[in-house]
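These protein sequence lines map, in sequence, to chains A and B.
Position one of the first sequence corresponds to residue 1 (my numbering), numbered consecutively onward.
Position one of the second sequence corresponds to residue 1001 (my numbering), numbered consecutively onward.
Warning: the hint list may mix true and false statements.
[As the list claims (entries may be wrong)] Away from chain A, derived, C-beta distances all over 10 Å, residues of chain B:
1) Asn1061
2) Gln1116
3) Lys1167
4) Ala1175
[Unchecked claim] Here are some chain A residues pointing at chain B (derived, C-beta under 10 Å):
5) Asn122
6) Tyr123
7) Leu124
8) Tyr125
9) Ala130
Hint data in this document are derived by calculation from the structure and do not stem from the laboratory.
Please read all numbers here as calculations on a predicted model, not as lab measurements.
C-beta: ideal position from N, C-alpha, C; glycine also.
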Amino acid sequence: MIHNLEYEFMFRKVCFVLLCALSVAGQPAMAQEPAATAQPAASEPAATTANVGGGEDFKSLDQEVQSLKKEVLDLNRELFVLEEDLLFPANTQVAVFVSMDVGEFFALDSVTLKLDNKEVANYLYTEREAQALLKGGVHRVFIGNLKAGEHELLALFTGQGPHTRDYRRGATIKLEKGVGAKYVELKISDKAVKAQPEFIVKEWE
Amino acid sequence: MLKVLHIFFKHLLPLWSVRRAAILSTVAGLAIVIPLSARCEEPTIGQPSVDFALRSLTGANVRLSEHRGEVVLINFWATWCGPCRQEMPLLDELYSKYQRAGFTLLGVNIDATAAQAGEMVHALKVTYPVLLDDRQEVSRAYRVGSMPLTVLIDRQGVVRYVSQGFKPGFEKRYAEWLRELLNE
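Input sequences plus hints: build the corresponding full structure.
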């Protein structure tokens, strides 16, 4: 199955390169067409029918080029999705996301992820990125491959807690990786009762 | 010429010890390889700059891609680097002069501790943001071989100029490059 995917990937890449070459080759032809139609008009003012014909040819060529460009963009998008499927196939894919809620008791500075005691991600959040999270954004901090079985994910959050004190907190989750992609959300929310931030680790179904 | 070579191989070479020959060939090889590899150790001009996020001396995190749309000068330096001490005040002048025109200067310090960097910045009265690359991940990504290294990035995030080392007068060429990129 992987070989078929590889061949398909290569085939699509070759098609993409050929289409790009065709679209580039089409542009000089487009540039020459108006010049070719302009010259007879200058020398023979009576030949208006030829000009109109030339204009229509130009329009149809332009439409062809536009549709070719659209096909190239669609193919590029498909290639991108195919590449991700190839590098991170669904049966071994694991992705970890970070989200924030409210943020009154915690200002996020960085997140470090360790999978089975091995550091896999270390992301520093700028002020702009932290604001984006507070507005409802979700950040994919890690995407990788995991074998089926039991694994341990440790997330370390660094930031400023209540009263602008430096805050460092860890959250651990035991991951049972089966068939299919695994998505884990690390949610930072405020626990008003304790006036402290709360770090929730949630697996998406 | 052939006669010389014949004499060399038949009569002189056997007189050398194997160890001496091995040392000489290693030195000759290194003499060729080191300059070549040094020439290769530079960020690639014309390629998109490598994005990164580092903590600054003020505590805020700074990400390079958030400065897209501005001309950015990244200067890699260390406290043990003499030319860096000469260069930094001149860079600060450029920063003060062109900041309002859409120019940002990021100093990246590669020392292991922030305290040393902070002391030097305070002593030199530098005002531009100084970032701390204590893990040296960014300096590895930018293939920093010698200090200081100056990288100029245009508004589209493409590396346009790279300058290794510093001599008096370099700041004039930085200003010329800067004006060119700001006028684009």
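Cross-check of the supplied hints:
no.: 1; hint: Asn1061; in the structure: violated, 4 Å
no.: 2; hint: Gln1116; in the structure: holds, 21 Å
no.: 3; hint: Lys1167; in the structure: holds, 34 Å
no.: 4; hint: Ala1175; in the structure: holds, 29 Å
no.: 5; hint: Asn122; in the structure: holds, 9 Å
no.: 6; hint: Tyr123; in the structure: holds, 7 Å
no.: 7; hint: Leu124; in the structure: holds, 4 Å
no.: 8; hint: Tyr125; in the structure: holds, 6 Å
no.: 9; hint: Ala130; in the structure: holds, 9 Å
Violation of the numbered hints given earlier is confined to hint 1; every other hint is satisfied by the structure.
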